[in-house]
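So the protein lines, in turn, are chains A and B. Take any residue in the first sequence, count from 1 to its spot, add 137: that is its number in our numbering. Take any residue in the second sequence, count from 1 to its spot, add 158: that is its number in our numbering.
If you are wondering where the hints come from, they were derived from the structure by calculation, not from laboratory data. Note that this is a predicted model, so its numbers are computed, not measured. Treat the hints with care, as some may be off.
Derived contacts from chain A toward chain B, CB cut-off under 8 angstroms, selection only [as the list claims (entries may be wrong)]:
1. K215
2. G292
3. P315
4. Q323
5. S413
All C-beta atoms, glycine included, are put in the ideal place defined by N, C-alpha and C.
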Amino acid sequence: MRRVSSVVVAVAVILGLAVTGWAAESTLEKINRSGVFTVGARTGSPPFAYINKQNEWVGFSVDLARLVHKNIEKKLNKPIKFELKESAPATRIPLLSSMAVDLIAGTMTDTRPRRDSVDFSITFFVTGAQFMVKEGSPIRGIQDLAGKRVGAQQGSTNERIIRERVPQAQLVVFPDQPAGFTALVQGRVDTYTNDGIQLAGLKVKASNPAEWKIVGDFYSYEPYGMAMRKNDSDFRAVVNNALMEAIEGGEYFKVYDKWFGPKGELPYPMTDDVKSFMMYQVVPK
Amino acid sequence: MPLIGFLGIQYDFQWSVLWTGGHGSWLVQGIWTTLRLSALAWIIAWLLGILSGALRTVPFRPLRALATFYVEFFRNVPLLVWLFFWYFGAPQFLPRAAQDWLNVHGPEFWSAAVGLSVYHGARMSEVIRAGIQSIPRTLLEASVATGLSVGQAYRLIIIPIALRLIIPPATNESLNLLKNSSLALTIGVAELTFMTRQIETYTAKAFEALTAGTLIYLALCLGIASLMVQVERYFRIPGLIVRVGRAEH
């Protein structure tokens, strides 16, 4: 019994320290003190954030985070180091809370429950969940899932929707995207679901893209936002202003074109609706 | 250690996320899956370990070589890699019909069970070999001299004694197996760690979920450890294993 109680005490002490804590430091103060701006990004979500063939960590979200970085340097009036850190859906919120990263710039959907834990920037990308199937599969959308084995990614909004809307589907949840897609390729699951744009990214990278089809209407609305620690409005304003200035000044659309334009990594032209939506998010100077 | 870096901010603990909104039943399902997976893998690992551990010591070289190959091949590749192999790779070598059958009968669970058993069987084998080799060679010779065959001597004399000797390191291996079962989440098995992460992703309450997971693993492991102590005491051979309680005086 002695062993049990000493462990419980140790855990309690650590938690106690965590609760009492030190006086909170704002994100801008932290960046100013350390001289480093740390961004949590994915490594396997082309074209948002991934390691390319030259072994560089690049992507649409990474480029936008660099715009934010420039704005932070302008605000603090000194050079700041830009650092990337791997963050998966299951780790990104703890990474933020633990101050390990200052901003999550990946493929994180802005949702109301998530706003209880983190704050979001304005929306920087819009997509919705669909299904990837092998050519010739009978699955055409969310209505065909009963009894089928559906692969999904842990921590994603679409996994939650399938669980609630199609309880007859056999949901198999993987911690990351490559595992889910490999399961589909190897025939362990009948379909893999994720945001349409992510599926498009996987299809492009597949060894035989023609073999795979993206099917179904969007069964969810997934506005991507950058996440940061809650109740830090100064930092949030710096992030939002960077995005708004980029949309207003056209730099955002240039970056979009670089990744999603006809010659981009993954052609995904922006619809007029989305373009207006982006413009309307920009509040006047 | 996320808690250290976490010192800088205030955090509002909400322990109720562990039992509200159906999360309690997730945890129970997770514990159940972890126990089922570990128990199945544990039994197979023991059987493989006893077989291979015994073969590692028999006076017949090809059998020794076979067992050595098994041990070295399986224990020297990370378990995570084995899990991927058994889930993504191995089923492809099965006939189409067997694959289809497997796909509707939870391939995640079975692949994880096979991966864990074979890997821990190789590790258990070494524990059992150590137990067998700690028994003086003369005991085998004496057994054979009484008219037993080598197989009978192993089955009736050597292995029963060896199994009693190795309970402490085997307890270690058993606890490792239970904790390693958490790797099964990488191939989509909804075990305990998966469920704590699931609660975390639904509620964004990482510290509550991870603490719950930690304490549950701790309780399971302490339970198994104390059970093994009882087993050790129950099967003790008077006069043979007398170290309990003596060494400290």
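**OP:** For the hint on A/G292, just tell me whether its beta-carbon gets within less than 8 angstroms of chain B.
**Re:** Holds, because the Cβ-Cβ distance from A/G292 to chain B comes to roughly 4 angstroms (cut-off 8 angstroms).
Subject >> Hint check, A/P315 versus chain B [nearest Cβ-Cβ separation less than 8 angstroms] >> reply: Violated, because the Cβ-Cβ distance from A/P315 to chain B comes to roughly 10 angstroms (cut-off 8 angstroms).
Original post:
Taking the closest Cβ pair, is A/S413 under 8 angstroms from chain B?
Top reply: Status violated, d = 31 angstroms.
**OP:** With chain B as the partner, please determine if A/K215 meets the hint condition of a C-beta pair closer than 8 angstroms.
**Re:** Given a least distance of 22 angstroms, the restraint on A/K215 is violated.
Original post:
Does A/Q323 pass the interface hint, meaning its C-beta sits closer than 8 angstroms to a C-beta of chain B?
Top reply: Nearest chain B Cβ about 5 angstroms off; hint holds.
Hints 1, 3, 5, counting from the list given before, are not met by this structure.
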